[in-house]
Amino acid sequence: MHGAPRIGGDIRRMAARLSMLGLAPAFALALAGCAGGPKAELRLPAAYEAPATSSTETTLDRWWTAFNDPQLDQLIDEALAGGLDAQAAAAKLAEARATKSGALTNFLPQGDPNGSYLKQRSKSAGVTTDLKITSASFDVSWQLELFGRLPTASRVAKADFAAARFTYEGARASVASEVADSYFQARGLAIQLEDARASARVQKELYAMTERRARSGLSAAVDADRIAGDLSQSNARVASLEAQLQTQKRALLILVGRVVEPTASLSIDASVGAAPAPPTLVPGDLLTRRPDVREAQARLASAVGRANLARLAFLPTINLIPGLGHTHTSPLTASSATTASIGLAVSQPIFDVPRLMSQLGVQKAQTAQAAIAYERTLRRAFQESEAALVGLDADRRQIEMLVEGEARAERAYRSARTNYGRGLTDLQTTLSAEQAWRSTRTQLTLAQVQAVRRAVQAFQALGGGWPVNRYSSVASAK
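Counting from 1, one number per residue, gives the positions in the sequence shown under the numbering used here.
It is worth saying that the hints were derived from the structure and are not from the lab. Honestly, I wouldn't trust all of these hints.
In the BS3-like style, the derived pairs of lysine-lysine whose C-alpha atoms are separated by at most 30 Å in a straight line are [unchecked claim]:
{"no.": "1", "residue 1": "K158", "residue 2": "K92"}
{"no.": "2", "residue 1": "K100", "residue 2": "K119"}
{"no.": "3", "residue 1": "K119", "residue 2": "K364"}
{"no.": "4", "residue 1": "K119", "residue 2": "K39"}
{"no.": "5", "residue 1": "K39", "residue 2": "K364"}
{"no.": "6", "residue 1": "K364", "residue 2": "K100"}
{"no.": "7", "residue 1": "K92", "residue 2": "K364"}
{"no.": "8", "residue 1": "K158", "residue 2": "K100"}
{"no.": "9", "residue 1": "K158", "residue 2": "K39"}
Note that the structure is predicted; figures quoted are calculated from it, not measured.
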């Protein structure tokens, strides 16, 4: 317990006096308790089961630059600078900073200057007398630091502010990932829209070919009607995707703070590149990389410190009370008097012990809860990062297979279409080949979009999106 070695003899004498009042057990409880609280179980596997993603050190602080997409970089920078979520996080951090500044004011000198002026008129034997009394005083109370309350309270305040800063950084990291995810969703819709328009063009060409064959007597008129029905469905899908893309663009503009701009101001390319690989890390890196894990660690440190403050509440509070006063009386016997005083006030809980015991029990329970929350947060972080890495590896393998399958399906369709134009195959074979190609193409598009969105998840799950090296570890608030 901080401060005890300096005043060990005084504490023993105080304990002897308190034993006469039957308070030795409470005093012993306070002395015995200034130690750490429950320990969180922080064991993690030595490595992820997912295959290693990269041997190069991709930066995590600004992971979005790994996509080599200037438009994405600009959108995220705009969201971090002017988005409402980022502004709200900054306001909460400002509140926490102000709270920290006032957390230790109880340990500063307390007191205010006082002044008074009294004018009194009296009349005796026909004589009127005016009496003026002017006085000023300055009384101060200063709690002496003897038992470690101040350093403990200071560590609690620092831990609380650290938790607020990690909350702030976590909110900004979430903003970056949300913008990136929304952006890639928009790109996926743009690709699907382009594919739907291409399918409509293909079906329009098939419809024209079938009509010519029907007029020549080479096929039935019902074949043209069938393709016309498919063409109507494709045009309807185009209209639906146009609406979805416009809605997604509006959501993205709102995220970055460009609320009043029209959706036409945001150009979205109908393409996605390969998903960048996150750096190779180990699960133990989550202890320092994840802002939510760091926040939980800070909240545990704060809870431990508050429990220790609850123990220290059983000890005496000693206040130094200096004072200075001046009084001036006029006009009869003009006189002035200046006084100075200094004293000590000692307060020892007696009848308040049951309430203090209750508060200590509450703080110990809250410390246990904070330790559990720390464990839970770390385990959730490990689960999220493992799942993202496993999914990212599966996405890459899926894309490789779909790329080959889409190329084969396209060749099969073009061959069937050529043969249908020459009368070497029927319409059903051609339509089946076209449908198979379109389906495989859609699956490939969805897989590519899913891969880049999963990469965003992986970067966030590994603790990317904030300047981790700017923060030192949270000291234990003992």
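Now the hints, each set against the structure:
1. For the given pair, K158 sits about 16 Å from K92 by alpha-carbon distance, which is consistent with the 30 Å threshold.
2. Restraint check: the Cα-Cα separation between K100 and K119 comes to about 46 Å, which exceeds 30 Å; the hinted pair is violated.
3. As the CA atoms of K119 and K364 are separated by approximately 58 Å, the hinted pair breaks the 30 Å bound.
4. A C-alpha spacing of about 67 Å is found between K119 and K39, which places the hinted pair above 30 Å, so the restraint is violated.
5. Note on K39 and K364: the hinted pairing holds, with a Cα-Cα distance of about 12 Å set against a maximum of 30 Å.
6. The suggested pairing of K364 with K100 holds, with an alpha-carbon distance near 23 Å, which does not exceed 30 Å.
7. Simply put, K92 and K364 have alpha-carbon atoms about 27 Å apart, close enough for the 30 Å limit, and the pair holds.
8. Of the supplied pair hints, the one linking K158 and K100 holds, its CA atoms being roughly 7 Å apart against a limit of 30 Å.
9. The suggested pairing of K158 with K39 holds, with an alpha-carbon distance near 20 Å, which does not exceed 30 Å.
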